[in-house]
Structures are given as C-alpha cells and as structure tokens.
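Those sequence lines, one after another, are chains A and B. Taking my numbering, the leading residue of the first sequence gets 1, the next gets one more, and so forth. Taking my numbering, the leading residue of the second sequence gets 1, the next gets one more, and so forth.
Hints are not guaranteed to be accurate.
Said to hold, decoys possible - SDA-like cross-link-like pairs, simulated, lysine to any residue; straight-line CA separation at most 25 Å:
1) B:LYS51 / A:GLN37
2) B:LYS123 / A:LYS61
3) B:LYS10 / B:ASP98
4) B:LYS112 / A:THR20
5) B:LYS148 / A:GLY76
6) B:LYS123 / A:LEU77
7) A:LYS23 / B:ASN130
8) B:LYS51 / A:LYS81
9) A:LYS81 / B:LEU62
10) A:LYS28 / B:LYS112
11) B:LYS123 / A:GLN37
12) B:LYS26 / B:GLU132
13) A:LYS61 / B:GLU48
14) B:LYS51 / A:ILE59
15) B:LYS126 / A:GLN27
16) A:LYS81 / B:LEU133
17) B:LYS51 / A:ARG39
What the hints assert, rightly or not - Looking from chain B toward chain A, a few residues come up when the C-beta cut is under 8 Å (computed):
18) PHE53
19) VAL58
20) LEU62
21) HIS68
22) GLU95
23) ASP96
24) GLN122
25) PHE128
Stated by the list, open to error - Partial list, computed: chain A residues near chain B (C-beta under 8 Å):
26) GLY9
27) THR14
28) VAL17
29) THR41
30) ASN78
Read the hints as simulated data drawn from the structure, not as lab findings. Don't be surprised by glycine CBs; every beta carbon is placed ideally from N, CA and C.
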Amino acid sequence: MKKIIVACGGAVATSTVAATAIKELCQKNNIPVEILQIRMTEIEGNLEGVDLIVTTMRIKKDFGKPYVNGMPFLSGLNVEKTEQAILSVLQG
Amino acid sequence: MDLNSLLNKKLIFFEAKPKNDVEAIKILGDKFIEEKYIKPEYTKTVVEREKNFPTGIVLESLGVAIPHASPENNVLKDGIAVLSLKEPIIFHTMEDADNEVAVSIVFMLALKENNEHLSMLQKLFKIFQNNELIKKLAIVSSAEEFHKYITEAI
Numbered sequence: 001m002k003k004i005i006v007a008c009g010g011a012v013a014t015s016t017v018a019a020t021a022i023k024e025l026c027q028k029n030n031i032p033v034e035i036l037q038i039r040m041t042e043i044e045g046n047l048e049g050v051d052l053i054v055t056t057m058r059i060k061k062d063f064g065k066p067y068v069n070g071m072p073f074l075s076g077l078n079v080e081k082t083e084q085a086i087l088s089v090l091q092g
Numbered sequence: 001m002d003l004n005s006l007l008n009k010k011l012i013f014f015e016a017k018p019k020n021d022v023e024a025i026k027i028l029g030d031k032f033i034e035e036k037y038i039k040p041e042y043t044k045t046v047v048e049r050e051k052n053f054p055t056g057i058v059l060e061s062l063g064v065a066i067p068h069a070s071p072e073n074n075v076l077k078d079g080i081a082v083l084s085l086k087e088p089i090i091f092h093t094m095e096d097a098d099n100e101v102a103v104s105i106v107f108m109l110a111l112k113e114n115n116e117h118l119s120m121l122q123k124l125f126k127i128f129q130n131n132e133l134i135k136k137l138a139i140v141s142s143a144e145e146f147h148k149y150i151t152e153a154i
C-alpha cells in the first residue's frame, strides 16, 4: 500500500479534484493507495510512511519526500507528464 | 447537485470593469448578497483567502480564477457567480503565489459543504480543460449564451 498526501492551500476544494484523478490513475495501474487529503499547513505533521506528496500549490519547502505538482489535474495542461511522474515514484 | 443548477443566469456578468482581483471579488460578492446566496462576511473571507492562497489558473488559451473560501456558515445557498472581462485583470496563480496571470473569466464559488461538491468541481475543471469551450465563453456577451454553452457541454 502506497501512501500519498494530496494537499491544497486553504479549503479542500481543489485537492479533492486532484485526489480523485490520482485515485483513478492508481486504480487503472493496479497500485493500491491510501490518499490523505489535507491542507498544506498539515503536511509537516503527517509525513510518517508517506511515499509521495502532491499539491495543487507549489511548495518551496523540502519535506524529504518525493513531490509532484498536481496543478495539471486542474488546468488540463501536461496531465500525461504528471501522471508519468506519479507512476514512476509509486512503481519505482 | 449539478453544475447547471448552480449557475444562475442572474449571476453572470459582462459589464463590470474591476481594476484588480479584490474589486472583482467584491463585485461578485455584492451580487451574491443581492440574490441572498451569502452573508457579507463571506466576501471578506474570500478576499482574505485570495491574498494568502490565490486562485488564478493558467489555461491553454487564457487565464481564469476561482475565488472561494471555507463556508463557515456564511454561505446560505450554493452557487457560482461569473464575471467575464474584456480587459483581463491580474490574479496571482494558485500554483505559485509569486506568479501572475491575466484573468479573463472569474468564477466565484459559494459552496456550503466542501465535500459534497466533488462532481460539480470536476465538471467545472472539465470546462476549464475544454479549450474550445473556454474560448467561446470568453467572447460571448450575454448570460443566456454563456449558460447555454456550458449546459450543452456538460
């Protein structure tokens, strides 16, 4: 089971959209995942066992975990590249 | 809950000429208040949130923004208010608050419970990802047309 943090700035609106897209991507590729949907400010306290962090807002801080920018799931630009980046972390 | 029922023709505007993001949010907030969708406090929280967590999004052919905030009992009725701008205004981007984007269409969201609106939000982002539709929406000049294009697309 891979554990992914999906976070956005304030409310949970945009991370929900990104989280759903990631869930579907992982299902399609038979990767069991647990998705933790939280606010950006809550990332720090939830890092245990996390394999990947995806945020819709670019984070400048290094949490010591693989990171992928999830904005393409909202804008539709560069979605494939983003999916590949996520899969390479989870399957690597 | 579907997008079509959230998009009230009375809340789609073309004439206003805000100078910046805060003015755009206040214009749409006032319309929301007139139609009894929100309490005035909601507009304040949206302005505040936009400063810390901006909502501009760079799409293929133009910029949009989705100002919103946590409802905290200030949202009375779910809805989306739209401001289409002939002269784009600057928002900061959601992806990186240090970057700017010239926004042509502002979609202000007033949603009571965050988690119940997943499918609606996904539809909204589907619209953003449909470049042909977004280009059409940016040039229409009546609420009827705007509403019709969205209804046809979803």
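Structure-based check of all given hints:
Between LYS51 (chain B) and GLN37 (chain A) the alpha-carbon distance is near 23 Å, which keeps this suggested pair within the 25 Å criterion. Taken as a hint, the LYS123 (chain B) and LYS61 (chain A) pair is broken in the structure, with Cα atoms around 32 Å apart against an allowance of 25 Å. A distance of roughly 34 Å separates the Cα atoms of LYS10 (chain B) and ASP98 (chain B); the hinted pair therefore is violated under the 25 Å criterion. Using a Cα cut-off of 25 Å, the hinted pair LYS112 (chain B) and THR20 (chain A) holds, with the two alpha carbons roughly 20 Å apart.
A hinted pair counts as satisfied when its Cα atoms are at most 25 Å apart, and LYS148 (chain B) with GLY76 (chain A) qualifies at roughly 23 Å. With a CA separation close to 16 Å, the supplied pair LYS123 (chain B) and LEU77 (chain A) stays within the 25 Å bound. Annotation: proposed proximity of LYS23 (chain A) to ASN130 (chain B) holds, straight-line Cα distance about 22 Å (limit 25 Å). Taking the CA atoms of LYS51 (chain B) and LYS81 (chain A), the gap is near 30 Å; set against the 25 Å cutoff, the hint is violated.
This hinted pair checks out: LYS81 (chain A) and LEU62 (chain B) have alpha carbons roughly 21 Å apart, not beyond 25 Å. For the hint linking LYS28 (chain A) to LYS112 (chain B), the alpha-carbon distance of about 32 Å lies beyond 25 Å, and the restraint is violated. For the suggested pair LYS123 (chain B) and GLN37 (chain A), the alpha carbons sit about 20 Å apart, so the restraint of at most 25 Å is met. Only pairs whose Cα atoms come within 25 Å are accepted, and LYS26 (chain B) paired with GLU132 (chain B) is rejected, the gap being roughly 29 Å.
Straight-line distance between C-alpha atoms of LYS61 (chain A) and GLU48 (chain B) comes to about 23 Å, which keeps the hinted pair within the 25 Å bound. Between LYS51 (chain B) and ILE59 (chain A) the CA atoms are separated by roughly 17 Å; this keeps the pair inside 25 Å, and the hint holds. Restraint check for LYS126 (chain B) and GLN27 (chain A): satisfied, since their Cα atoms lie roughly 20 Å apart, inside the 25 Å limit. A hinted pair counts as satisfied when its Cα atoms are at most 25 Å apart, and LYS81 (chain A) with LEU133 (chain B) qualifies at roughly 24 Å.
With a C-alpha separation of about 16 Å, the suggested pairing of LYS51 (chain B) with ARG39 (chain A) holds against the 25 Å cut-off. The restraint placing PHE53 (chain B) at the interface with chain A holds, with a minimum CB-CB distance near 3 Å, inside the 8 Å limit. Interface restraint check for VAL58 (chain B): the shortest CB-CB distance to chain A comes to about 6 Å, inside 8 Å, so the restraint holds. Hint on LEU62 (chain B) is violated. Least Cβ distance to chain A is approximately 11 Å, over the 8 Å limit.
At a threshold of 8 Å, the smallest CB-CB gap from HIS68 (chain B) to chain A is about 6 Å, leaving the interface hint in force. Hint status for GLU95 (chain B) relative to chain A: holds, with the closest Cβ pair at about 4 Å, below 8 Å. Because the smallest distance between the Cβ of ASP96 (chain B) and any Cβ of chain A comes to about 4 Å, under 8 Å, the interface hint for this residue holds. Among the interface hints, the one on GLN122 (chain B) holds; its C-beta lies about 6 Å from the nearest C-beta in chain A, closer than the 8 Å criterion.
Taking 8 Å as the C-beta cut-off, the interface hint given for PHE128 (chain B) holds, the closest approach to chain A being about 6 Å. The beta carbon of GLY9 (chain A) comes within 3 Å of a beta carbon in chain B, closer than 8 Å, and the hint placing it at the interface holds. The criterion of a C-beta within 8 Å of any C-beta in chain B is met by THR14 (chain A), whose closest approach is roughly 7 Å, and the hint holds. At its closest, the beta carbon of VAL17 (chain A) sits 5 Å from a beta carbon of chain B; the interface hint therefore holds under the 8 Å criterion.
A hinted interface residue such as THR41 (chain A) counts as satisfied when its beta carbon comes closer than 8 Å to some beta carbon of chain B; here the least separation is about 10 Å, so the hint is violated. Interface hint status for ASN78 (chain A): violated, as the beta-carbon distance to the closest one in chain B is roughly 11 Å, over 8 Å.
In this structure, the hints that do not hold are numbers 2, 3, 8, 10, 12, 20, 29, 30, in rising order.
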